[in-house]
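*Asks:* These protein sequences, in sequence, are chains A and B. First residue of the first sequence? That's 673 in the working numbering, and the numbers climb one at a time after it. First residue of the second sequence? That's 673 in the working numbering, and the numbers climb one at a time after it.
Honestly, the hints are just simulated from the structure, not real lab data. Here the structure is a predicted model, which is why all the values come from computation and not from measurement. Certain hints may be false.
When chains are identical, the list treats them as one kind, so a pair holds in a single copy or across two.
Straight-line alpha carbon distances no greater than 20 Å define the calculated DMTMM-like cross-link-like pairs of lysine to aspartate or glutamate that follow [to be verified]:
1. Lys728 - Asp861
2. Lys826 - Glu808
3. Lys962 - Glu987
4. Lys985 - Asp909
5. Lys734 - Asp780
6. Lys716 - Asp786
7. Lys771 - Glu825
8. Lys793 - Asp729
9. Lys716 - Asp787
10. Lys728 - Asp787
11. Lys728 - Asp786
12. Lys985 - Glu928
13. Lys993 - Asp918
Number of protein chains: 2
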Amino acid sequence: MWLQARQVWMYFRLYQDVPRLKNRDIWNPAVKGADFLLKCLVEKNSCTRCPFSVTKDGQAIKIQRNLFSECFFVMAMSETWRATNVDKYKVAAVSFMQKIRHWCIVDDSALGADDLPGTTKTSKLAVAMMSLCLCEQMHISNLQWENLSGDEEKLEDWSVRNLLSHVQRSGTVVLESVSLSGQEIPGADGRLYVPGHAIECGWFLLQHALQCNNVMLAEKACLCFIDAAFSKGWDADNGGLFYFLDADGYCPLQLEWNMKLWWPHCEAMIAFILSYKFKKETRLLDNFVKVAEYTFSKFSDKKGEWYGYLNRKGEVSSNFKGGPWKGCFHVPRAMLMCENILLELIDSCDK
Amino acid sequence: MWLQARQVWMYFRLYQDVPRLKNRDIWNPAVKGADFLLKCLVEKNSCTRCPFSVTKDGQAIKIQRNLFSECFFVMAMSETWRATNVDKYKVAAVSFMQKIRHWCIVDDSALGADDLPGTTKTSKLAVAMMSLCLCEQMHISNLQWENLSGDEEKLEDWSVRNLLSHVQRSGTVVLESVSLSGQEIPGADGRLYVPGHAIECGWFLLQHALQCNNVMLAEKACLCFIDAAFSKGWDADNGGLFYFLDADGYCPLQLEWNMKLWWPHCEAMIAFILSYKFKKETRLLDNFVKVAEYTFSKFSDKKGEWYGYLNRKGEVSSNFKGGPWKGCFHVPRAMLMCENILLELIDSCDK
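Only chain A is shown next, with the shape it has when bound in the complex:
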């Protein structure tokens, strides 16, 4: 359901935000997809967890020990609700949003991660990024979901606070995992730096900061997340963003560390065009163009669709265009957001 939920969200977002795509070819499969997701959950899997993958008829094949499938399910249900106004989607979105808040802030033991004597719990960058993304999604869908007593923290505030705790070493790196008290943890896991993630977090934070008129936070998002990750992560010799880095400059343990993946490049295009809209500095537009030129020349196939996985030199390494982790999400989201921001910029130039 991980990929399917992203696709349902994407279809309904495009349907609603792009006038030329407001048609039945987008609507019909999106509704079918949303109902499949609901059926998987309610009929087949007793509403407890969202499976990562299911059989054709909706039976769980794999349930991950993290909350990301649930996050994408909430995105799909809330966007479907926004488009259709049908209550069942709102109910599903709100009930899982409340579970996600509980897992983030109160207790995540229901996710089933190992709790062994030698294990230390850590804060994960991707969790805080997704929870911030979902809070924004709740605003867009106009869903009131959080009923807080006076001393409870809003999930939005928790997310921002957690994202910032991953900024380490005087603002020069954004680490994937830090301790629950926001300290760097020892070893290779603690040094792991994923430029694409840091950049994606950067534009989520920047977008949030601009909505709250928090200029300090917006500057920090640009400087520590987007600019720093781009300057560390861009391969000066061959172009493209590395997948994994080590904050101390060692070779990361992940064998695919030096590959160039499509999604960090999608996120970097969004991040630089949004930074430019905020700061109007030419270097940000230059970076946008640099990433876009690499991306369109290397990932996009003339016969249609994009490759996902290039080697260090930028040659296609895996020739499939869709797979268990590459569906209908990062490319259309980036196209949608970049098109909208570029149109705004052109529009403001004309005035």
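Since the structure of chain A is already known, use the hints to place chain B on it.
*Replies:* Chain B only, in chain A's frame:
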């Protein structure tokens, strides 16, 4: 404990089988390692499962949902028993060997793999390979461990039968996963073909067949496992064995599919020199030399030790020499076995 147990096994094997290594520099750390493994299990983790990794003082960090850590623990304990004659190692080896038999033949639910409505259990090549490896290890250590009633199958026979069930498509491929009844399963997982695994299984089977004087089985090990995997897996353009293949020739989903790893090359050297000893065909010696030349020129570093991970073209892609999956095992095991077989061959020429 996965890496540590392999290292303890390797040290004691070298100590016992290589006269020039029969010294305290090998013995002392090996005993220390064996006692650390026992301590981890008995004091820290209540003897139920062997953790994959532990803290410095032996507390479990990660327990895998498979039996491989236990397999390496049995190898370490039985080899330590063979070297030391101290009972506690024998007791540990036998008790875990009996668990492994139960997990293989009767019921593996205690390993904790997900049992979801859409999940289908499959037979894994690596499990049958390890259980055959352990049966051979029990013979070498002279351990009587299997008390069978009349209708129970020996683990050795079960292992051979299961390994052969992975040979599919008229003997042209050895698939990583097949159904429990020995049929090919649909999808990319079902088509996964790992040349290094097939070749490693090949020499285990060949060694077993030669011990039983089963010429038919020995021929099958050479033909379907070693020769077929080498001809499909060897990169004609750049040399070296691919890590993952798809039996239908599609691109495997694993991003690292076209990398060249050290261990398949170690296993291929063992497989070809053992095949040559059995069949005395020049082409097998030629293949041994071809693999050895690639291996020593690409993986071995003049400053000492081997790199583990090269890109498709044979350039070092990860510059570390040890890591979570690369310890003291494949290289010294290959050196030991190849040296011994080559000495036998020279010896038999001299006569």
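*Asks:* Now tell me, hint by hint, if it's right for this structure.
*Replies:* Verification of the hints:
With identical chains, the CA atoms of Lys728 and Asp861 are at most 20 Å apart between copies only, with a shortest distance of 16 Å across copies and 36 Å within one. Taking identical chains as interchangeable, the C-alpha atoms of Lys826 and Glu808 lie at most 20 Å apart only when both belong to the same chain, with a minimum of 12 Å there against 60 Å between chains. Proximity of Lys962 and Glu987 under a CA criterion of 20 Å is satisfied intra-copy only: 18 Å inside one chain copy versus 28 Å between copies. Both within a single protomer and between protomers do Lys985 and Asp909 lie at most 20 Å apart by alpha-carbon distance, with minima of 9 Å and 18 Å respectively.
In the homo-oligomer, the alpha carbons of Lys734 and Asp780 lie at most 20 Å apart both inside one protomer (18 Å) and across protomers (18 Å), since each shortest distance falls under that limit. Taking the shortest alpha-carbon separations for Lys716 and Asp786, only the inter-copy value of 16 Å comes in at or below 20 Å, while the best intra-copy value is 25 Å. Taking the closest pair of Cα atoms, Lys771 and Glu825 come within 20 Å of each other only inside a single copy of the chain (15 Å); across copies the shortest separation is 49 Å, beyond that limit. In this homomeric assembly, Lys793 and Asp729 come within 20 Å of each other (Cα to Cα) only across copies, at 18 Å, whereas the closest approach inside a single copy is 36 Å.
With identical chains, the CA atoms of Lys716 and Asp787 are at most 20 Å apart between copies only, with a shortest distance of 14 Å across copies and 28 Å within one. Taking identical chains as interchangeable, the C-alpha atoms of Lys728 and Asp787 lie at most 20 Å apart only when they sit on different chains, with a minimum of 18 Å there against 33 Å within one chain. Proximity of Lys728 and Asp786 under a CA criterion of 20 Å is satisfied inter-copy only: 19 Å between copies versus 30 Å inside one chain copy. For the identical chains of this complex, Lys985 and Glu928 are neighbours both inside a copy (13 Å) and across copies (15 Å), given an alpha-carbon limit of 20 Å.
Taking the closest pair of Cα atoms, Lys993 and Asp918 come within 20 Å of each other only across two copies (16 Å); inside a single copy the shortest separation is 28 Å, beyond that limit.
Of the hints listed earlier, there is not a single one the structure fails to meet.
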